[in-house]
Amino acid sequence: MGYEKRIVTNEINGDSYIYVKHPSGLDILIWKKEGFTTTEALFGTKYGSVNNRFKTVDDDEYIEVPEGIAHFLEHKLFENEDTDVFELYAQTGAMGNAYTSFAETVYLFNCSENYDKSLRILLSFVQKPYFTDESVAKEQGIIGQEIKMGLDNPERKSFFNLLNCLYVNHPIKIDIAGTVESIAKITPELLYKCYNTFYNLHNMCLAIAGNLDVDEVLKICDEELIPVADYKLDASVVEEPEEIACDEMCEEFPVGMPIFNIGYKCKAYSGYELLKNEYIASIMMQLVVGNTSKLYNDLTDEGLINSNFGFEVFWGSDSMFCLIISGESKDPKTVRRRIEEEIERLKRDGLDKDEFEIIRKSRYGSLVKSFDSVDTCAEYLLNAQFVGVDVFDMQKALQEVTFDEVQNGLYKFFDKSKSAISIIVPSRKQKGECDA
Amino acid sequence: MNIDYERREIARGVYLNIIKDKRFNSNFASVLFITPFSKEEASARAFVPGILSVSNANYPTRAELNRKLLSLYNASLNTSSVVSGNNYITGYYASCIIDKNAFDGENVTEETVRLMVDCILNPKVVDGVFDPKEFAILKQELIDTIDTEINNKRGYALTLANEIIFRDEPFSVRYYGTKAMAQALTNERAYEIYLDTLHNADIEITIAGDGIEASAKFLEETFSELERPEDNNIIFYDKSPLKAEVETVDVKGDVQQTRLVMAYKGDSKNVYVDKLMTAMFGGVATSKLFMNVREKLQLCYSCSANYKEYNNTLIVESGIDAKNLDVAIKEIDKQLKAIAQGDFTDEELYNTKLMISGAFKSNYDSLFALGMWYDVQHRRGTCYTPDEVIEIFHSITREQIMECAGTYKLDTVFTLSPEV
Chain A
1 MGYEKRIVTN EINGDSYIYV KHPSGLDILI WKKEGFTTTE ALFGTKYGSV NNRFKTVDDD
61 EYIEVPEGIA HFLEHKLFEN EDTDVFELYA QTGAMGNAYT SFAETVYLFN CSENYDKSLR
121 ILLSFVQKPY FTDESVAKEQ GIIGQEIKMG LDNPERKSFF NLLNCLYVNH PIKIDIAGTV
181 ESIAKITPEL LYKCYNTFYN LHNMCLAIAG NLDVDEVLKI CDEELIPVAD YKLDASVVEE
241 PEEIACDEMC EEFPVGMPIF NIGYKCKAYS GYELLKNEYI ASIMMQLVVG NTSKLYNDLT
301 DEGLINSNFG FEVFWGSDSM FCLIISGESK DPKTVRRRIE EEIERLKRDG LDKDEFEIIR
361 KSRYGSLVKS FDSVDTCAEY LLNAQFVGVD VFDMQKALQE VTFDEVQNGL YKFFDKSKSA
421 ISIIVPSRKQ KGECDA
Chain B
437 MNIDYERREI ARGVYLNIIK DKRFNSNFAS VLFITPFSKE EASARAFVPG ILSVSNANYP
497 TRAELNRKLL SLYNASLNTS SVVSGNNYIT GYYASCIIDK NAFDGENVTE ETVRLMVDCI
557 LNPKVVDGVF DPKEFAILKQ ELIDTIDTEI NNKRGYALTL ANEIIFRDEP FSVRYYGTKA
617 MAQALTNERA YEIYLDTLHN ADIEITIAGD GIEASAKFLE ETFSELERPE DNNIIFYDKS
677 PLKAEVETVD VKGDVQQTRL VMAYKGDSKN VYVDKLMTAM FGGVATSKLF MNVREKLQLC
737 YSCSANYKEY NNTLIVESGI DAKNLDVAIK EIDKQLKAIA QGDFTDEELY NTKLMISGAF
797 KSNYDSLFAL GMWYDVQHRR GTCYTPDEVI EIFHSITREQ IMECAGTYKL DTVFTLSPEV
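Sequence order for the protein chains is A and B.
Per our numbering, residue 1 is the first one in the first sequence, and the count goes up by one each step.
Per our numbering, residue 437 is the first one in the second sequence, and the count goes up by one each step.
Calculated directly from the structure, the hints in this document are not laboratory data.
As the structure is a prediction and not an experimental result, all values here were calculated from the model.
Cβ atoms here follow ideal geometry from the backbone N, Cα and C, with glycine treated the same way.
Some hints could be false.
Short, incomplete list of chain A residues facing chain B, as computed with Cβ under 8 angstroms [unchecked claim]:
| hint | residue |
| --- | --- |
| 1 | F86 |
| 2 | A94 |
| 3 | M95 |
| 4 | A98 |
| 5 | C111 |
| 6 | L151 |
| 7 | V214 |
| 8 | K361 |
| 9 | Y364 |
| 10 | S366 |
Dumping the calculated DSSO-like pairs for lysine-lysine here, alpha-carbon to alpha-carbon at most 27 angstroms [unchecked claim]:
| hint | chain 1 | residue 1 | chain 2 | residue 2 |
| --- | --- | --- | --- | --- |
| 11 | B | K504 | A | K32 |
| 12 | A | K412 | A | K347 |
| 13 | A | K32 | B | K458 |
| 14 | A | K353 | B | K458 |
Modelling step: build the complete structure from the supplied sequences, incorporating the hints.
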């Protein structure tokens with residue numbers, strides 16, 4: 001079979017993987033890890049919880065579907081007409097699993113033997129949907145329990161409350177699993193509609209890393225992949241204003257001390273620009289609130305934060321980008337105020353260039369270390385493909401980040417008018433404007 | 437797969453484990469202190485690794501130590517505190533890139549290992565105790581940890597259940613102690629416990645990776661000079677006694693979903709049979725609990741079993757609606773009895789062996805996992821490789837599984853349920 005094939009090489013240590021555009025329309029990425037025992041394969045689609053509105057070339061209008069349906073579909077795909085997928089994996093010794101994120105659904109297995117047989121199972125069941133009224137009703141019960149489990153998680157609540165502060169329309173603010181009420185509206189017909197729209201090989205990717213044979217992987221793909229027409233999917237999310245929805249949200253929960261998430265809404269990026277800006281923003285955040293920063297150490301000394309304090313650059317899909325600082329504090333509002341003051345001080349006085357170099361070096365070290373994990377390599381392959389870059393572009397982007405870009409990031413990313421705080425306070429306090 | 441592994445006792449109760457492996461981009465080192473303990477010491481023992489990991493005499497502030505770690509290509513320094521068997525184990529773990537991945541040929545591995553050892557043996561001391569400022573911060577953090585244990589409902593339920601399942605046994609103790617213990621902790625007492633650990637604990641040291649010879653030599657020279665006690669009374673295996681009657685405890689809490697924890701106590705003699713039986717009962721995605729409690733009866737999102745090797749105890753855990761509690765308990769019990777009565781196919785048994793084998797083999801792909809693998813092997817008094825253990829698994833018969841399951845009797849049913 002004729003493939004469009006490309007070898008992608010890491011210039012630093014010579015590692016390489018292969019990209020193949022399969023005739024079926026699927027992007028395939030294969031990374032042979034010499035000397036390793038395990039193999040990890042991920043078969044994913046660019047379909048997550050934010051894609052609850054879409055149309056294809058055959059549709060005149062956008063179709064809206066219930067919240068949580070992508071996650072529901074992930075669960076249901078494990079049940080074939082004649083057998084349970086986990087039982088098939090059990091015969092090969094593989095551990096199968098799946099997850100749904102904001103922007104993707106991924107089916108995976110990890111094994112130490114029989115990766116060829118497991119790969120056939122993976123490719124086969126994901127292409128073979130089977131939904132009935134009975135099986136949908138069954139799953140509503142199981143996922144209902146999963147949702148309830150999430151309702152007992154205060155960190156998750158605080159995180160989604162922050163997204164509800166920052167985003168007016170964007171579906172990123174909706175919990176991936178949906179609600180008990182929203183999943184009650186799911187029917188087999190809706191599942192087939194979503195499946196046929198998003199589980200199109202042109203919208204999907206296979207990433208496999210570890211102990212494998214490249215030719216054998218491609219042979220299995222040739223035999224198992226069923227070509228379909230490209231539906232020219234339009235899954236653009238609703239328009240999101242630059243402004244935030246509200247700058248504070250407080251909620252009671254049975255917690256030992258207040259939990260907070262502070263966020264800064266930023267412009268969205270895609271492709272290599274996303275990669276680069278993620279590094280710029282994360283290095284900048286390390287300089288402002290990281291564990292070597294003045295602010296972090298002052299807040300620790302004053303007992304305002306503890307070791308659960310952290311930060312992240314969050315982009316659940318390439319249509320949104322924000323910075324999040326989170327933790328526990330007896331006084332989250334003071335933490336927020338101090339962060340804002342420190343940002344203003346650093347805008348005036350500038351960042352420390354020596355510290356910047358140390359942090360950039362540390363990021364390189366983290367990246368190099370992460371290539372030791374077969375699972376991580378497979379995840380990198382899939383994520384990079386969905387973003388539209390190569391895995392080793394991460395090193396390139398990191399090397400390209402300049403001190404000036406990070407310094408300018410203070411203005412680019414930290415806009416006080418687009419910041420918000422979500423606070424979870426211990427129960428039995430007044431709701432609304434909280435005194436945390 | 438061949439592992440280049442070497443172990444030797446470098447002083448009484450101090451063991452150096454060396455794993456040479458050139459496949460990885462990073463190296464790994466750990467130092468574990470293992471000591472018997474009384475529950476009154478839990479907070480002090482949990483406190484010590486925290487304060488040792490934020491500074492040392494050469495890098496006396498958090499910022500300085502963290503900056504040094506970042507400059508070593510983000511070398512990591514982590515700690516752990518666990519109650520294991522009748523012992524308290526405090527662990528120090530370092531990881532860094534291998535030297536040949538460094539830009540300028542720096543000795544990243546040796547520097548990282550020396551930094552970790554400095555934190556352990558050369559802390560910042562002021563007037564014979566830990567730095568008072570750091571002591572105050574970390575004591576408060578320990579109290580906060582105890583205060584916030586209710587945040588994680590699953591972990592909280594397990595903690596409460598543990599106290600009932602293992603009442604009056606060392607394993608019932610929260611690794612960080614109680615709030616009263618944490619509040620009463622003094623700097624003097626914490627420092628005393630630190631010195632006691634250093635001089636009286638058994639010590640397991642591991643260094644793994646590529647280009648580790650100089651670091652191994654340094655570790656050997658340093659730790660062989662420590663003052664050593666007579667033989668320690670380290671006991672890992674201490675069977676938890678079965679209660680005369682099943683104890684049922686319900687705690688009300690501000691939760692949406694009932695957390696169920698059930699404990700079975702057994703009398704099996706072969707750890708690998710126990711592990712295989714547990715996997716078949718509730719450890720893999722085709723287990724009896726997953727296929728019946730979740731898939732068939734749709735009572736929960738997850739229902740799993742976990743084997744506490746040192747206590748011969750099987751813990752089942754799930755999150756369910758309160759109205760389904762009785763049905764779930766009966767079904768869980770029924771599935772364990774089903775295994776004891778041989779209600780499983782040879783294929784089920786073989787497939788479970790395959791899945792476990794895959795999981796065990798994956799230890800070859802991580803230096804950390806290999807280090808921990810040998811640590812556990814030595815506690816069992818063996819030195820098997822993952823491949824050798826897989827052979828043992830494949831030799832286990834269905835009769836052994838049935839016999840093993842039959843020894844487990846229900847001991848405790850604990851629930852954390854919504855207030856009505």
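Results of checking the hints against the structure:
no. : hint            : result
1   : F86             : 4 angstroms, holds
2   : A94             : 6 angstroms, holds
3   : M95             : 6 angstroms, holds
4   : A98             : 11 angstroms, violated
5   : C111            : 5 angstroms, holds
6   : L151            : 4 angstroms, holds
7   : V214            : 19 angstroms, violated
8   : K361            : 6 angstroms, holds
9   : Y364            : 6 angstroms, holds
10  : S366            : 5 angstroms, holds
11  : B:K504 - A:K32  : 35 angstroms, violated
12  : A:K412 - A:K347 : 11 angstroms, holds
13  : A:K32 - B:K458  : 16 angstroms, holds
14  : A:K353 - B:K458 : 35 angstroms, violated
When each numbered hint is compared with the structure, violations occur for hints 4, 7, 11, 14.
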